[in-house]
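As a plain string of letters, each chain reads:
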Amino acid sequence: MAVSNVDFHVDQGEIVGMIGPNGAGKTTLFNLISAAFPISSGEIRFKGQKLNGLKPYKICRLGIARTFQQTKVFTNMSVLQNVLVGAFFGSPNRVSWADAAREASQALEFVGLSAMSATPAKDLTLGHQKRVELARALVTRPELLLLDELMAGLNPTEVSEAMGLVTKIRDTGITILMVEHVMKAIMGICGRIMVLHHGEKICEGTPQEITCNKQVIEIYLGE
Amino acid sequence: MLEISNLDIFYGKSQALRDVSLKVSEGEIVALVGTNGAGKTTLLNTISGLLHPASGSVEFLGKKIDKLVPHKIVQLGICQIPEGRKLFTDMTVGENLEMGAYTSETWKRRKETLEQVYQLFPVLKERARQSASKLSGGEGQMVAIGRGLMSNPRLCMFDEPSYGLAPKLFSEVLEVIKHLREQGITIFLVEQNVRRTLETADRAYVLENGRIVLEGKSKDLLQDELVKKAYLGL
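Top to bottom, those sequences are chains C and R. So the first sequence is numbered by the working numbering: it starts at 911 and just counts up by one. So the second sequence is numbered by the working numbering: it starts at 78 and just counts up by one.
The set of hints was computed from the structure by calculation and includes no laboratory data. Think of the CB as a built atom: it goes at the ideal place given N, C-alpha and C, for glycine as much as any other residue. Relax, there's no trap hidden among the hints.
Stretch-level coverage of chain C by chain R, calculated; a stretch enters the list once three of its residues show a Cβ under 8 Å from a Cβ in chain R:
1. 923-933
2. 1035-1047
3. 1059-1071
Sequences are here, hints too, so could you generate the full structure?
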């Protein structure tokens, strides 16, 4: 069993962090929400609607977008084309070329990748691939954004920039659930943090409460 | 042990490394830090023979290696533990590890080396028959390190070992790196967690836009204003 009896909720406008040792089930939980994996028991609701059994693209069109821990860009496409995929297929409505191109360019500008829009995605660093995924997710106009280790592979200065970016996204009205191992980011921008261990939620609280929690220090943070 | 002189690397027309020179002596832990896209991975790929310089040279143990193909370089005793792990996901953990010992010399000793890897990472022994696609981030990193060690390297190059690891686990990986050095393996460490890296390494180089802009003892670089501002976020 990868995730067991986990209960949690995310309110509109929050930035909620999810931490826990490697293998705790964090990415699995994202895969359950986005329907990449089926749920064995329990239920997931989004704005009151039950998500169980829906296909991933339906969940995206309901307003949940995500990025991936192991980046999943379309390597043979350019940066812009990657984002266009999100613009065309992530929306419940038909999207014209002109609108898709405009929105994709805006999203690339937002994440700071305009200058690389023609670059093949496979030639990007992992850090930049993460940004492509972020743009691809944003262009689907999500209400809830799931970020799986957006900050991995960034140096501390780049982490600060990315923290600014995530806060800016929240300020546009998008709710954020983020998995992250970069403590500076988690502690800096999350209002609330939950901790998973062996597939179970072991605690939840403000950054302050979590950093002082003995069990969290022992299993996750280290001395 | 490793000596890089005046290296220029191009991708098509764009230049990724400019006049890069650096040295790693036997028994050292040397770190390379820099922003995303500065050329760190490009440098490792050049040492490994995946890229060849337009000018400049790479010497290992006194021998010029910059025109050699990667498998020859592995045979000489250099291994690269790649960013993002790059495991063979269709294979088991055990098979991934064995892939690291493909050169004829190391293949003969693979059972013995495998035991050493299992001693270092006991959890991999439990997972030996499991698919590498089913691992957590931390276990995946252990397999990547283990696979590198299976080639019995004299110089081990790590490309962002902290990537996707919980803080406690990254501390453990740094301990492993120190342990490997005690076993006589020289370490070249590319890493974004600049503070922890400088605390672990003996010396370090800072790469910016393809050029080495700063080098020195790690403890001096930790006090350097440029490093503090640009890399430690202070």
